[in-house]
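**Student:** Keeping the supplied structure of chain C fixed, place chains X and E upon it in accordance with the hints.
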Amino acid sequence: MDFFQNLMLGLNVALSLNNLFYCFLGVLIGTVVGVIPGLGVLAAISMLFPMTFGLEPTTALIMLAGIWYGTTYGGSTASILLNLPGTPANAITCLDGFAMAKQGRGAVALFMTTIASFFGATVGIILLTLFTPVIAEYALNFRSAEYFSLMLMGLVAASTISSGSAIRGFAMVILGILIGLVGMDSQTSTLRYTFGVLGLLEGVSLIALAMGVFGVAEIIMSVRRVRAADIDPETLKLRAIWPTRDDVNRSWFPMVRGSSIGSFFGTLPGTGPSIAAFLSYAIEKRISRSPKRFGNGAIEGIMAPEAANNAADQTAFIPTLSLGVPGSATMALMLGVLMIHGIAPGPSMITDQPELFWGLIMSFWIGNIFLLVLNIPLIGLWVRLLTIPYHILYPAVLVFICIGAYTSGFSELYVWMVFFFGVLGFLMRVLDFPGAPLLLGFVLGPLMEEHFRRAMLLSRGDFMTFFDRPISGAIMALTGLILVWGIWSGQTYKNKTAQNESSNDST
Amino acid sequence: MKNIITAFALSIGMMTSGLVQSAYPDGPVTIVVPYSPSGNTDVFVRHVAPYLEKIWGQTVVIDNKPGGGSMVGTAYVANAKPDGKTFLVTTSAFVTAPAVQLDLPFDSRKDLIPVANVGYVSYILVTNANSGFKNLQEFVAASKDSPKFAATAGLGTTTHFAIEQFAAASGAKVDVVHYKGGGPAVVSIMNGEADIYGSSVSSAGKNLKAGKIRPLAVLGDERIKALPEVPSTRELGYPSTEIKQWVGVFAPAGTDPAIIKKLNADINTVLRDEKLIAKLTPLDWTLEQSTPGGFAKQVDVELTKWKRLAAEKGIKK
Amino acid sequence: MEISLDRDRVGGLSLIALGVLATYVAITWYPLGTPQRMGPGMFPAGLGILLVFLGALQFLLTLGRPVSSFKIRVYSPLFILGGIAAFALMIVPFGLVPAIAGVIVVSSMAELRFRIFDITLLIVGLSLLAPFIFSFCLGLPIDLFSWPF
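Listed in order, the protein sequences are those of chains C, X and E.
Going by this note's numbering, the first sequence opens with residue 24, and the numbers climb by one from there.
Going by this note's numbering, the second sequence opens with residue 985, and the numbers climb by one from there.
Going by this note's numbering, the third sequence opens with residue 2, and the numbers climb by one from there.
Next up, chain C with everything else stripped away, as it sits in the complex (with noise of 0.2 angstroms):
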């Protein structure tokens, strides 16, 4: 079928009324999911789950991919303003947008990423739309090994992000991969690290992990420290979320790779938005020509992992609609949805359903778009809650963590952990070790595991195998680049600071 025709059939399928309705209501469900901390995607999206059985497939998917997608936009209004990833691909986000917030930017914060993300998914959508077969294709040519290789690179890059030593950042990649290995073990059943506690079976809460490291250790550090009075009103207006020009020149370079790393991304099963948003920040930082402004509330280092979350949500659409793997447990479900209607997505399925596919495809678009509708007048809401006198505020924070984590599994051993973590947490802080790698580190752990183990066995105890094979020998060869160059530019800083003190001392 001609191309243009399948876009008008699209949008013909996905500006229906009831297909509109139910997208609006998907991306508003996403976006409040997304900012209230402790409200998982997984969690909103299963609870609605069973309200899709009287809609029509079209319809379903429309509706849980408006919650998918929108719950990134609505994570990194959190993220910014208190410090606290709404999802993990957030998580690299506060870095530089709680730091803008405490200077006062918050507003320009929240609506500059509000467009990179919708920047980002527009690029994937793009890519979704031409090129669905091919990259289907491609990506399976990606295998245990490469996978391995992909995520030792994100998690190096990781460890280089933070302005301080490289040594602690991958000491807490490590650290979060241990925490992330608790649990049972898949492929032996083995109970590991669980120390007789049941409830540990299926591992430490992602959500207990994030709040307790970023949320609690965060008000931990800002009580009594923190004046509302000091937010100048100025920066509430309307007005306020206007960037300056020299916001806006640096942020289409960074946009535009986030955009294309998060696209690349998307389409690997199993790897998806979190590893996108951490490597697209740690290049950015990297190609820099002022790399210290990073942590500091540089703008590249929120538009960047933005443009890649977004643009890796969409493209995860990729290998679930055309191969029928799903990428994640949130695709799993979609992919659910289509299985229950009786349509067994596949290569076949965009000649067999062209109304279905292109219909979908039409109303990310349209669920974009209402999201940037939706999103921009509310900046204003939430900027105004910073001015709540922060005794107040962080209370009711609390509550709102203390909650989040008993819902996520209706037992207080996940406060508990919220409790755990928290203290973890604030070490951390006082020991100078940065908390996102940790995150990376528990996300991506449990999967390197199972493909180093993998790749091992294929490859008959042959360690050589990762860098013998072309694609993943490419990417470990990157890996080691990154290695260096995060250690000789952590050395610079080094000296050039001891410089300074030393020429500091002599005046």
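FYI, nobody ran anything at the bench for these hints, they're computed from the structure.
Misleading hints may appear alongside valid ones.
Unchecked claim - Straight-line C-alpha distance at most 25 angstroms; calculated SDA-like pairs for lysine to any residue:
hint: 1; chain 1: X; residue 1: Lys-1193; chain 2: C; residue 2: Phe-154
hint: 2; chain 1: X; residue 1: Lys-1245; chain 2: X; residue 2: Leu-1287
hint: 3; chain 1: X; residue 1: Lys-1281; chain 2: X; residue 2: Pro-1241
hint: 4; chain 1: X; residue 1: Lys-1094; chain 2: C; residue 2: Pro-80
hint: 5; chain 1: X; residue 1: Lys-1128; chain 2: C; residue 2: Phe-154
hint: 6; chain 1: X; residue 1: Lys-1193; chain 2: C; residue 2: Gln-376
hint: 7; chain 1: X; residue 1: Lys-1065; chain 2: C; residue 2: Thr-430
hint: 8; chain 1: E; residue 1: Lys-72; chain 2: C; residue 2: Asn-319
hint: 9; chain 1: X; residue 1: Lys-1065; chain 2: E; residue 2: Phe-95
hint: 10; chain 1: X; residue 1: Lys-1291; chain 2: X; residue 2: Arg-1198
hint: 11; chain 1: X; residue 1: Lys-1193; chain 2: C; residue 2: Glu-160
hint: 12; chain 1: X; residue 1: Lys-1094; chain 2: C; residue 2: Gly-222
hint: 13; chain 1: X; residue 1: Lys-1065; chain 2: X; residue 2: Asn-1119
hint: 14; chain 1: X; residue 1: Lys-1246; chain 2: X; residue 2: Gly-1103
hint: 15; chain 1: X; residue 1: Lys-1065; chain 2: E; residue 2: Phe-146
hint: 16; chain 1: X; residue 1: Lys-1069; chain 2: C; residue 2: Val-220
hint: 17; chain 1: X; residue 1: Lys-1157; chain 2: X; residue 2: Asp-1129
hint: 18; chain 1: X; residue 1: Lys-1297; chain 2: X; residue 2: Glu-1226
hint: 19; chain 1: X; residue 1: Lys-1128; chain 2: C; residue 2: Gly-484
hint: 20; chain 1: X; residue 1: Lys-1065; chain 2: C; residue 2: Val-453
hint: 21; chain 1: E; residue 1: Lys-72; chain 2: C; residue 2: Phe-443
hint: 22; chain 1: C; residue 1: Lys-315; chain 2: C; residue 2: Val-453
hint: 23; chain 1: C; residue 1: Lys-315; chain 2: E; residue 2: Arg-8
hint: 24; chain 1: X; residue 1: Lys-1289; chain 2: X; residue 2: Tyr-1222
hint: 25; chain 1: E; residue 1: Lys-72; chain 2: C; residue 2: Tyr-413
hint: 26; chain 1: X; residue 1: Lys-1065; chain 2: C; residue 2: Gly-222
hint: 27; chain 1: C; residue 1: Lys-125; chain 2: C; residue 2: Val-271
hint: 28; chain 1: X; residue 1: Lys-1038; chain 2: E; residue 2: Ser-136
hint: 29; chain 1: E; residue 1: Lys-72; chain 2: E; residue 2: Ser-5
hint: 30; chain 1: X; residue 1: Lys-1065; chain 2: C; residue 2: Val-446
hint: 31; chain 1: X; residue 1: Lys-1228; chain 2: X; residue 2: Asp-1129
hint: 32; chain 1: X; residue 1: Lys-1128; chain 2: C; residue 2: Leu-481
hint: 33; chain 1: X; residue 1: Lys-1094; chain 2: C; residue 2: Val-220
hint: 34; chain 1: E; residue 1: Lys-72; chain 2: C; residue 2: Val-446
To be verified - Over 12 angstroms on every C-beta distance to chain X, these chain C residues come out as not near it, computed from the model:
hint: 35; residue: Val-55
hint: 36; residue: Leu-229
hint: 37; residue: Leu-416
hint: 38; residue: Ala-497
hint: 39; residue: Ile-510
Built from N, CA and C at the ideal position, the CB exists for glycine as well.
**Tutor:** Showing chains X and E alone in chain C's frame:
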């Protein structure tokens, strides 16, 4: 006058029977599926759930707890409160996994009560479309020269035992590679990472029809309706390879026996619904009626059988 | 509270301790397997060793540098974490509303001032808002009040 009294009596009768019925369940029911969403079992449960919701007038919540070849979710239900509102729907992995996973945090016979056996699907041996094995015999011969990789959906799953049983019966030499579920296992066949896999029809899905993966045989004695042109392993000269994946419902130990009986009865009612049968047959499902006692006996027999096979053949972690 | 040890040294030692713990548990409790078929213990054991290595590296890099002492807050973590513990202890026996009150009261004490008006406002407000969002809107089954005796 008579009519009014009759109508009155009837409505009282309906109300009281409604009252008795609404005694159970008195709140939302959670069905734990120890597999990822969109897998074979998960899709089955999601098809059946609305019918159960209609009978009970309560929401049925499906809780996916994948991992450990279904053992994570199973362990969860084994330790759950026996309030009659939490159940496990799992596959024959329930009887195969304990044969290899020896340090499970629960006892398969004591901590869970079998409620109903709902039906089964068959397995087909698939390989990559371009793999060069024109038929099953060629594969077996080639593997004797150099061992091939066999994918499974996880350690101790029925797919694992299916391929081990086949290897034992045919003399083929395979090294098993475990994946997390049927989806990734099928992908491994598509990209050639593994050479053979015992898949259910719904896992293989459209990829089979699209020609990306090729069926070599149906594991068992008979051909199946969903794929009539595929020969059975017995036809090709490999007997004793019969294996089916059944799906069963379990309750945590301590659940009220009256609730178990009612659950079994409700499930059997739902499984007789023509619309449901029509939807599931193309996915190669054969639905069955069962009793808790009969199912318990079957579970007991199979637990012993697979444990013996694992010990004999040295199948371990 | 001022700690007169070098921050990076303490950090390095902590890493070493964690690494030793991780590797010890992995080696003694879980089978290691072979490189081809790795057991559950091999990967974590390796990670633990890496952690020890990194900790040692961090520690060694501090030698030759003057000791930089660091400060550690005491009251904030005590009360904030105490508040979370209060919620964890109270939610199951006493229900959501008392647990909300618990976390608010205890964590507010981190301010080192007892603002009775603000605290009451928070308790009332959140006791209405939270059940509204979680129980009513999302339909999650949580007991608002319960009594364990």
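**Student:** Confirm or reject each hint.
**Tutor:** Evaluated hints:
| no. | hint | in the structure |
| --- | --- | --- |
| 1 | X:Lys-1193 <-> C:Phe-154 | holds (22 angstroms) |
| 2 | X:Lys-1245 <-> X:Leu-1287 | holds (23 angstroms) |
| 3 | X:Lys-1281 <-> X:Pro-1241 | holds (16 angstroms) |
| 4 | X:Lys-1094 <-> C:Pro-80 | violated (42 angstroms) |
| 5 | X:Lys-1128 <-> C:Phe-154 | violated (41 angstroms) |
| 6 | X:Lys-1193 <-> C:Gln-376 | holds (15 angstroms) |
| 7 | X:Lys-1065 <-> C:Thr-430 | holds (17 angstroms) |
| 8 | E:Lys-72 <-> C:Asn-319 | holds (22 angstroms) |
| 9 | X:Lys-1065 <-> E:Phe-95 | holds (19 angstroms) |
| 10 | X:Lys-1291 <-> X:Arg-1198 | violated (32 angstroms) |
| 11 | X:Lys-1193 <-> C:Glu-160 | holds (17 angstroms) |
| 12 | X:Lys-1094 <-> C:Gly-222 | holds (20 angstroms) |
| 13 | X:Lys-1065 <-> X:Asn-1119 | violated (50 angstroms) |
| 14 | X:Lys-1246 <-> X:Gly-1103 | holds (19 angstroms) |
| 15 | X:Lys-1065 <-> E:Phe-146 | holds (21 angstroms) |
| 16 | X:Lys-1069 <-> C:Val-220 | holds (24 angstroms) |
| 17 | X:Lys-1157 <-> X:Asp-1129 | holds (8 angstroms) |
| 18 | X:Lys-1297 <-> X:Glu-1226 | holds (17 angstroms) |
| 19 | X:Lys-1128 <-> C:Gly-484 | holds (21 angstroms) |
| 20 | X:Lys-1065 <-> C:Val-453 | violated (42 angstroms) |
| 21 | E:Lys-72 <-> C:Phe-443 | holds (21 angstroms) |
| 22 | C:Lys-315 <-> C:Val-453 | holds (22 angstroms) |
| 23 | C:Lys-315 <-> E:Arg-8 | holds (23 angstroms) |
| 24 | X:Lys-1289 <-> X:Tyr-1222 | holds (20 angstroms) |
| 25 | E:Lys-72 <-> C:Tyr-413 | holds (23 angstroms) |
| 26 | X:Lys-1065 <-> C:Gly-222 | holds (14 angstroms) |
| 27 | C:Lys-125 <-> C:Val-271 | holds (20 angstroms) |
| 28 | X:Lys-1038 <-> E:Ser-136 | holds (24 angstroms) |
| 29 | E:Lys-72 <-> E:Ser-5 | holds (9 angstroms) |
| 30 | X:Lys-1065 <-> C:Val-446 | violated (31 angstroms) |
| 31 | X:Lys-1228 <-> X:Asp-1129 | violated (29 angstroms) |
| 32 | X:Lys-1128 <-> C:Leu-481 | holds (18 angstroms) |
| 33 | X:Lys-1094 <-> C:Val-220 | holds (21 angstroms) |
| 34 | E:Lys-72 <-> C:Val-446 | holds (16 angstroms) |
| 35 | Val-55 | holds (21 angstroms) |
| 36 | Leu-229 | holds (15 angstroms) |
| 37 | Leu-416 | holds (34 angstroms) |
| 38 | Ala-497 | holds (18 angstroms) |
| 39 | Ile-510 | holds (34 angstroms) |
Hint compliance for this structure: hints 4, 5, 10, 13, 20, 30 and 31 are broken, all remaining hints hold.
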